[in-house]
Amino acid sequence: DAGVIQSPRHEVTEMGQEVTLRCKPISGHNSLFWYRQTMMRGLELLIYFNNNVPIDDSGMPEDRFSAKMPNASFSTLKIQPSEPRDSAVYFCASSLEGGTASPLHFGNGTRLTVT
Amino acid sequence: GESVGLHLPTLSVQEGDNSIINCAYSNSASDYFIWYKQESGKGPQFIIDIRSNMDKRQGQRVTVLLNKTVKHLSLQIAATQPGDSAVYFCAETYYGGSQGNLIFGKGTKLSVKP
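Sequence lines, in order, name chains A and Z. Per our numbering, residue 1 is the first one in the first sequence, and the count goes up by one each step. Per our numbering, residue 1 is the first one in the second sequence, and the count goes up by one each step.
I should point out that these hints are in silico values taken from the structure, not numbers from a laboratory. Bear in mind that the values here come from a model prediction, so they are computed numbers and not experimental data. No residue lacks a Cβ here, since even glycine has one placed at the ideal position from N, Cα and C. Careful: at least some of the hints might be erroneous.
As the list claims (entries may be wrong) - Far from chain Z, some chain A residues (derived; all Cβ distances over 12 Å):
| no. | residue |
| --- | --- |
| 1 | 68 |
| 2 | 83 |
| 3 | 85 |
Stated by the list, open to error - Listed below are the simulated DSBU-like cross-link pairs for lysine-lysine, each with C-alpha atoms no more than 30 Å apart in a straight line:
| no. | chain 1 | residue 1 | chain 2 | residue 2 |
| --- | --- | --- | --- | --- |
| 4 | A | 24 | Z | 42 |
| 5 | A | 24 | A | 68 |
| 6 | A | 78 | Z | 42 |
| 7 | Z | 106 | Z | 71 |
| 8 | Z | 56 | Z | 109 |
| 9 | A | 68 | Z | 42 |
| 10 | A | 24 | A | 78 |
| 11 | A | 24 | Z | 106 |
| 12 | Z | 56 | Z | 42 |
| 13 | Z | 109 | Z | 42 |
| 14 | Z | 42 | Z | 71 |
| 15 | A | 78 | A | 68 |
| 16 | Z | 42 | Z | 106 |
| 17 | A | 68 | Z | 106 |
| 18 | Z | 106 | A | 78 |
| 19 | Z | 56 | Z | 71 |
| 20 | Z | 56 | Z | 68 |
| 21 | Z | 109 | Z | 68 |
| 22 | Z | 109 | A | 24 |
Just need the whole structure built from these sequences, with the hints factored in.
Spelled out as structure tokens, the structure:
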């Protein structure tokens with residue numbers, strides 16, 4: 001089992017640039033979650049999908065952030081334009097069916113640095 | 001085990017000793033709790049969970065205790081090993097809901113001295 005795969009592992013970009021983070025969930029999982037982790041705020045849920053449909057995006061900080069899930073095996077989180085305060089580790093997680101009976105499986109994250 | 005801002009609470013133990021990591025949860029309506037372990041450079045990993053109809057649950061070398069009266073959760077690790085060094089998060093939600101309702105604590109860093 002390859003687990004949740006995220007790319008890139010590290011991203012360094014300049015303020016104003018577009019950033020795209022990618023995630024491949026575990027095959028057969030139908031729920032996908034994007035989290036952001038910082039020392040100040042800990043782990044925050046940004047958005048989650050069930051069966052490729054966005055269910056709750058209330059955690060997305062502002063319109064600069066957008067997420068898509070075009071199919072069951074791929075999701076992207078885009079930041080445009082990026083700002084230094086977006087610097088964080090972004091995690092993708094998947095679960096079998098999104099309910100509490102199915103634990104979250106996290107990827108190893110993308111560390112984003114915006115200068 | 002709650003956050004004090006920029007600095008994670010840290011627990012330092014000797015290899016072979018037992019570790020106890022504490023967590024105060026916030027929502028009295030929460031009835032499902034999970035402990036996650038996050039090693040450096042990796043994502044959080046599920047360790048053990050407990051529902052509010054229990055006050056204790058045991059896994060392999062780990063035990064979770066729940067005190068609903070004072071909204072307190074603890075994770076006990078027996079015979080702590082260097083591989084247990086990580087940040088440990090408690091998370092709360094309500095059973096039967098979505099993982100999207102999961103609220104994570106800020107974490108406690110466990111450091112194991114050889």
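Looking back at the hints listed earlier, which ones does the structure fail to meet?
As far as the earlier hints go, not one is violated by this structure.
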